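Start from the sequences and build out the full structure, keeping to the hints where you can.
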Amino acid sequence: MSALEYNGSAIVAMMGHECVAIASDKRLGRQAQTLSCDFQKIFQMSDRLFLGLPGLGTDVETVSNRLRFRLNLYKLRENREMKPRTFLNMVSSFLYSHRFGPYFVEPIVAGLEPTTSEPFIASMDLIGCPMITSDFVVGGTASEQLYGMCETLWRPDLEPDDLFEIIAQSLLNAQDRDALSGWGGVVYIVEKDKVTIRHLKARMD
Amino acid sequence: KEVPSTPLKKSAMTERYSFSLTTFSPTGKLVQIEYALAAVGAGSPSVGIKASNGVVIAGEKKQRSALYDADSIKKVEMIANHAGMISSGLAPDFRLLVRKARKLAQEYHLIYQEPIPTVRLVQKVANVMQEYTQSGGVRPFGVSVLIAGWDDGKPHLFQCDPSGSYFAWKATALGKNYINGKTFLEKRYSDELELEDAVHTAILTLKESFEGQMNENSIEIGVCNAEGFRRLSTAEVKDYLASI
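Same order as they appear, the protein sequences are chains B and L. Per the working numbering, the first sequence runs over residues 88 to 292. Per the working numbering, the second sequence runs over residues 603 to 846.
Hints are computed from structural coordinates only; laboratory data are not their basis. Given the structure is predicted, the values throughout are model-derived calculations rather than measurements. You can take every hint at face value.
Distance windows between CB atoms, simulated:
| id | chain 1 | residue 1 | chain 2 | residue 2 | range |
| --- | --- | --- | --- | --- | --- |
| 1 | L | V740 | B | D134 | 37 to 45 Å |
| 2 | B | R164 | L | L806 | 35 to 43 Å |
| 3 | B | R164 | L | A672 | 37 to 45 Å |
| 4 | L | V633 | B | V282 | 55 to 63 Å |
| 5 | L | Q736 | B | G188 | 32 to 40 Å |
| 6 | B | V282 | L | E798 | 44 to 52 Å |
Glycine included, every Cβ here is placed at the ideal spot set by N, Cα and C.
Now the structure itself:
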């Protein structure tokens with residue numbers, strides 16, 4: 088059994104009009120057995136920078152902590168906020184530095200540029216290969232299902248409220264078709280002046 | 603059968619210098635650093651001037667003999683596309699710092715895929731210089747360096763000293779006669795200075811302390827602006843000299 092499929096997850100990020108959204112399920116399981124419906128997989132790294140971590144639960148926690156460590160030192164030393172693209176590159180080099188003993192996570196980065204507030208989303212594989220897109224990125228055991236949902240529902244320039252509906256439906260319907268994802272959902276809508284967190288009422292099975 | 607072997611005798615002294623050679627004097631000074639600054643003060647002059655649209659660094663490249671191949675030694679060195687460095691003092695120490703600075707800039711780029719902010723580069727170089735004042739078996743660097751850089755649409759000029767302190771400057775001079783150089787710059791400097799004028803002023807500042815004939819082979823000029831850092835060719839230097 089693959090380490091990337093042991094705990095189960097569904098994470099998606101979408102680009103909107105002057106905003107981004109990132110959403111995840113809340114399940115933590117031990118293969119078939121569900122352990123928690125409250126497991127955090129999206130981490131706020133900075134004011135308008137979010138990191139979604141699908142994959143092995145222990146690595147989700149460790150990687151988020153280690154990256155936060157690096158980002159905080161960057162902020163203190165450079166006296167500035169880290170741009171999403173720079174963060175992506177940092178995560179990429181971090182993962183590649185463990186090329187032959189990798190962290191079993193396939194991160195998703197979503198955020199707004201500090202100065203221009205331009206939206207940014209990207210994902211990468213467990214050894215740091217980055218992929219920047221202008222529509223959506225998906226990850227986790229329900230990634231195939233998420234691809235189907237996003238491809239169908241997403242359209243460009245969605246306003247924050249519409250983007251919420253689209254990303255929530257993409258997540259819910261994808262995770263319902265995956266045994267290892269689900270048990271709740273959380274959506275972050277990231278705009279220039281605010282971040283809105285909404286928890287979804289989902290099928291708890 | 604065991605054959606007793608005589609191990610090579612190594613004295614503690616030759617094996618490692620675990621003590622710092624830079625130690626405090628009763629007055630609270632680090633005399634090694636004072637002496638290093640003296641070495642800087644005896645070195646060939648360098649100047650740096652920050653303009654509104656760029657930075658210029660320049661230095662005297664004294665040829666002690668006509669037999670010297672002028673081109674083989676460079677005083678102005680590029681550290682990264684957007685930053686350059688010059689020094690006054692012991693040239694071999696400068697070479698080492700240039701190597702280290704270049705590597706530090708590239709390491710940063712490897713992680714962040716971004717050019718290193720000038721101030722970060724300066725901090726790292728200054729940190730290296732400080733290490734050599736507090737490590738075993740080494741002496742402080744016998745150079746002060748001027749680092750010119752351009753990032754995020756702004757010019758930067760910094761100085762790093764043998765002690766590891768660094769300062770941001772609008773304009774400054776190092777090496778022989780640096781006090782006169784700085785006085786000269788204080789009178790000439792204005793915030794509205796443009797790069798062309800700054801180069802001009804830099805040449806005039808060097809001229810103040812110049813012994814002998816100043817020509818395109820006896821000075822080196824580097825400029826840093828939005829297009830990046832570059833060393834001026836001897837032809838370009840000649841043109842500037844002609845216009846003073």
